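Student: Residue numbers (my numbering), protein chains in the order written: chain B, 1 to 109; chain P, 110 to 228.
Please keep in mind that the hints were generated in silico from the structure rather than gathered at the bench.
These numbers were taken from a predicted model, which means no experiment stands behind them.
Glycine included, each C-beta is placed from N, C-alpha and C at the ideal position.
Be aware that one or more of the hints could be misleading.
Partial chain P-side listing against chain B, Cβ under 7 angstroms, derived [claimed, not checked]:
hint, residue
1, Val-209
2, Val-213
3, Asp-215
In silico SDA-like cross-links for lysine to any residue, where the CA-CA straight-line distance does not exceed 20 angstroms [unchecked claim]:
hint, chain 1, residue 1, chain 2, residue 2
4, B, Lys-42, P, Arg-224
5, B, Lys-42, P, His-116
6, P, Lys-129, P, Thr-158
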Amino acid sequence: QKEVEQNSGPLSVPEGAIASLNCTYSDRVSQSFFWYRQYSGKSPELIMSIYSNGDKEDGRFTAQLNKASQYVSLLIRDSQPSDSATYLCAATGGFKTIFGAGTRLFVKA
Amino acid sequence: GAVVSQHPSWVICKSGTSVKIECRSLDFQATTMFWYRQFPKQSLMLMATSNEGSKATYEQGVEKDKFLINHASLTLSTLTVTSAHPEDSSFYICSAYTAVVAGVTDTQYFGPGTRLTVL
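Chain B extracted, bound-state conformation (with noise of 0.2 angstroms):
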């Protein structure tokens, strides 16, 4: 069974910290990985794509994988009240795309 884990959180941050969402993954044939953000009662939106190892950046977001460890992460600086929203991780190998539940993500003003 192909998967992909996030803890659900929520995940409780103040206004202008960083914010660390993690997740796992556990078919090898993954071959790319990306991070969406979904709004309450809206369908998610895409933030970011990573496809090899290492870090990167775009704007207040960055994207770590790595691939040995099966790990992808989602690291948001200078975190908002509008950044609260959940946070989807998804791995995609052979052309099927697999979903974490997502994180929840609370940014307190």
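Knowing the structure of chain B, use the given hints to seat chain P on it.
Tutor: Showing chain P alone in chain B's frame:
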């Protein structure tokens, strides 16, 4: 780029009626579209995978005769909920898969979702 639309955004219907939901990729071609269902405070549940010009592949436990999927073109897939009942009330979300759009490879772009309420 990579915009996916869904129509309608919300629908209320009586029990026993059928509802059709459209999913369109507006600025790219999608050989594959996915249909998900999401209940309140729960994660996405993949219902079926739809490939253009062929029959959809349904996930275990999803009734293919109840949830009819048609993928007639590279930009349009439809989901029809037949003889809807209150337990079918949910948030239905489609996504379109593309190999490469704007430098992002191998990913799905989601439509805004359709909220179905069956009375």
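Student: Are the hints correct? Go through all of them and say.
Tutor: Evaluated hints:
no.	hint	result
1	Val-209	11 angstroms, violated
2	Val-213	5 angstroms, holds
3	Asp-215	4 angstroms, holds
4	B:Lys-42 <-> P:Arg-224	10 angstroms, holds
5	B:Lys-42 <-> P:His-116	14 angstroms, holds
6	P:Lys-129 <-> P:Thr-158	17 angstroms, holds
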